[in-house]
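**Student:** Protein chains in written order, with the working numbering: chain A, 594 to 1118; chain B, 3 to 685.
By construction, these hints were calculated from the structure, which means they are not laboratory data. Each hint should be verified, as a subset may be incorrect.
Stated by the list, open to error - To give an idea of the interface, some chain A residues facing chain B are shown, with a C-beta separation under 7 Å as derived from the structure:
(1) Tyr667
(2) Leu901
(3) Ala1026
(4) Met1029
(5) Pro1084
All residues carry an ideal CB built from backbone N, CA and C; glycine is no exception.
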Amino acid sequence: MLIELLLAVTLASAFVVFLAPDRYAAKLATTLSVLPVIGTAIMWFSFDASGNALRDGSTIAFETQQEWFELGQYTLQWHVGVDGVSFPLLALTTVLTTLAMISSWTPIKERQSQFYGFMLLMETALIGVFVALDFFVWFVFWEFVLIPMYFLIARWGGPRRKYAAIKFLIYTNVGSLVMFIGIFLMVLNLDGLTVLSLPAITEAVLAAETLGEISLLGIAAFDVKAAAFLLLFLGFAVKVPIVPFHTWLPDAHVEAPTPVSVMLAGVLLKMGTYALLRFNFTMLPDIAVEYALIIAVVGVISIIYGALLAMAQRDLKRIVAYSSISSMGYVIVGLVAFTPHGMGGATFQMVSHGLISGLMFMTVGVIYNATHTRMVGDMSGLFDKMPYTVAIFIAGAFGYMGLPLMSGFAAEVLIFIGAFESAVITAAPLITAMAMFGIVLVAGYLLWAMQRTLYGEYELETGYDIGRAPVHDIAPLLALIGLVILLGVNPDLIYQVIQDAVSPLVDEGLAATTVAVDVFGGVLR
Amino acid sequence: MSEIFSTAPAIVLFPLASFLIILAFGKWMPLRGALAGIVATGFSLAVSIWVALQMALNGVGPYQETLYEFIAGLEGEGVTLTFGVLFDPLSVLMLIIVSLIAFLVHVFSLGYMNDEGETGLPRYYASLSLFTFSMLAFVVADNLLMAFVFFELVGLCSYLLIGFWFRRDGPPSAAKKAFLVTRFGDYFFLVGVVAVFAVFGTTAYAGENSFINQAADMVGDGTEYTFLNLSSQQVIDITALLILGGAIGKSAQFPLHTWLPDAMEGPTPVSALIHAATMVAAGVYLVARMYGFYALSPNVLAILALLGGFTALFAATMALVKQELKQVLAYSTISQYGYMMLALGGGGYVAAVFHLTTHAIFKALLFLGAGAVIIAMHHEENMWEMGGLKDKMRVTYLTFLAGSLALAGLFPFAGFWSKDEALFETLEHALGGADVLFVAYGFGLLAVIITAFYTFRMVFLTFHGEPRTDHAEEPHSIGWNMKLPLVVLGIGSVVAGVLNMGVIKEFIGEDNLFLKEWLDGATIGEEYGTEAFALSYSHYGEQLSEYAGYEAATLSPLGPGAIALVLAVVGLGAAWYLYRAPEPAPHMTKLGGVRTVLMNNYYQDEAQVWFATGFTLPIARGANTFDQGIIDGLVDGAGGVSMYAGERFRKIQTGIVSNYAALLTLGLLLLLVWLGIDGGWWF
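Next up, chain A with everything else stripped away, as it sits in the complex:
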């Protein structure tokens, strides 16, 4: 019942905040958003899941399964619960929402009750996405996320906010449509499937592989599955985003106000990789294994191309936005490796990148609040004027570069180890080495941007008089730095449950390996 309570409290908070007068909205909403954080903390201490929620033999934590209504041959259920993959993301969502709200106090001055109401509404939907275990429930939440997000960008955004918001909405919606077709291609001909809960779909699809039950219009079962995989992949690729479906992202980020960027990069992108993990890599591992090399190359392209794009930008926020594309590329490479550290590291990277990119967007936001510009050439020597903000910027940037003992390093090194010894990617060591070159590029563009904005003689083109940032701007940054270091020093805090949840997927992937290349070791020792 804890999950229902979490959803109900967050939703109720959203409505309360909508009705509250503007001048109380910020503090009220922030206070109310602490409730879900407390909720996840309680869940943290009584978390007892084991295995992967979608696979047999797992224990799902805080599970509720209730028949809801009939739809044709299918019975729809209210089925929610969390496992080692979804729980860290759930915790990320609640924590990041609260911190993003605190960071809104300075920049958001208009229609505050609506802003914070939409934020809470979005939080509700995001929680829903990560806890849903029934396809129908999941899809409703998945689509619902877009609505508050659209308004948050279109109302409180920058000069081109209308364009960015509608581009975001349409692009991701088309993605959802493609994905929806993929799902139905997958489940349509599965005999005996009467419920659309994700575990049931998974079992049916995996079993169908041997029974040959999936076939449509005389197309071989494997081809139908491959087509379904492709459609799902394309649909989720927009959300992640994977190159070349990424162009909505920089526009949305640049126009969105800081806290919305934080949520967008920190949590919304993870919906894409989370869904890839849940659908493509859990339900169709045989296809993923078959096309592992192509998928890995797609990931590598995202890493390198995203980093090159980031290097060409002048707007600090665009730099961070493009680097997200690069970071999400690592997740793809890790997921497709089908090794414990590859898949586990990829999931860890989702959480880690959520924290670090949130931190970077917030820091850029704090600088923007004071300078009213984000252009690299417009300012220099900020260290003198805003020492704490800049110190945090430096720490966050090094976190982004994968400095050891910060969470990004743990995530990346796990992905690299996992991908390097992958048995399913052809020439895995070479592919991994190419992916790893991202760590040089990221250092290049971040250090270069830092040199030009933070150091040197103080100058500011916009002519604003700037001073130290208020405490409530700095506090969420410190909290994020603390979390990044905590997870960097002690990754096992969440990594053990993550690994527990992904290991059944690894086994399934390896079992599906018929075309696999031998492990790098040649001889298995």
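Starting from the structure of chain A, add chain B where the hints point.
**Tutor:** For chain B alone, coordinates are given in the frame of chain A:
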């Protein structure tokens, strides 16, 4: 005996504690955090020495323990990533070096930073403490992953300290370059670490199952790898080269040396600690730490020797023409690390560690001496603006001279013994059949003359002759806090040679080569050198002859020692001849075009800057144009097509009733025709 080692990790933790304390309370602390740093490094030094004494006298150790499971993961699900400590003769020696230099540099900083009224001192001391912590942790690391973790962290500290004077333009740029160039090397290192995990499943240095032992078992076992059909020997070669990438970056070897001269933008005590004695030594230490692995591949050893020899010579030539005191020292540092790499590649493990030790002492001394001169000269660094300082700065001059004699390799100063041994070991193995080492040895010998020359050019220009400027006439006085470290290191530069007087081993006996015995574990537990701790000097010797085919020729060290000494004297003599005059002429300008090339460092920096801004950046800009134009253009185009189509289809809805009626009728007719044909109404 393990009680000692259960407290020994404190060596690493003291500076961590002082870092955290200074970070939190630095502003309000006595001496702006310097005191905490001095106390912490002092404790580290004391405990290190105590451990060393226990090992030397009571025979404790070696000792390895896993202290922290960084990523334990699940049982049997992928590799485990751990942090642990390895106390053995090599690491304990290095601990003493690092904590000693760190301690002295903290004291020196009181004079160089506090007394000069610098602002931002808590930031300075916090970074120094963090550096000391990271460096010590790197040294005691018991596995390659942990080594990489702290290898990167020292890189961060180097970045922060080079960029300490962030208001100027130079330091931030130099800091960026230092981090980026070493990151480029670290990229290869990380690929190597990941490869070691993939091939061996562990990165532990010690233990029966260490990757080094596994590799030794694997060589020539005939395993073919499915990846590119590599043999096990090739896999080991490639892995060793990848890890060497990190060492080349950090130890500033060709072609990744370019960051080090720029790093001189940082405060001089930082140059002494990080960019001369310790962090730059990390690369050499890394190779020495896993020498058993390198000993397995003759090809990599040959590359190492050639690279080291070439760097030694190459960097020395650039030092010939530099005008700034610190620049000469920077190129000399690169050159000296070249000697260590040369020694490692030439099979001289002890020689490399020995030279690492003596170099740390005399180069830290020279940098601190340069710092004292710079303070005295009111932050003037150009040697042509100095002159005649020897009478006004007696302590600085004498200690600087001791360091210079050591650097030039003159008997009986520390550098003579260690550099000589590096060259001798290479020659010995070259004569033993490894022909390629002759080339490396030749490079090394040639560099001896140049080294002695540029060193004494520096000494004569700075301290001798007539004062050439007002500042040189009236130098600023320096305090005890700067003199004390100079004296300590000056004494070290004179006497450190006794650690291993290999040149005269025929007279004093092999057993009295203290460092060699120490690194062989002669004073400690029996298990050193066995499978469990395959890290001893004699074990490496066996491996070198078994796998690399290195055989030592029988040769007296006296002859080669004399040759090197004569060459050093020649170089010194040339410098004396050219620069002893009260008003020395700028002789180097006679070199003309060669000088221009040397002053511009063979245009290496230009090449690297071009690679970053002339090559990578245009690609990035091109990608951006492509992205905005083509990819995003397609997306917006798809939207445009829909809009256009919508616009057109909208026209169907004219709102004229007769049009709709006509369409309705047409539709009905078509329906009737279709039903008629398909439904069989008419046929």
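**Student:** Where does the structure disagree with the numbered hints, that is, which hint numbers, in rising order?
**Tutor:** 1
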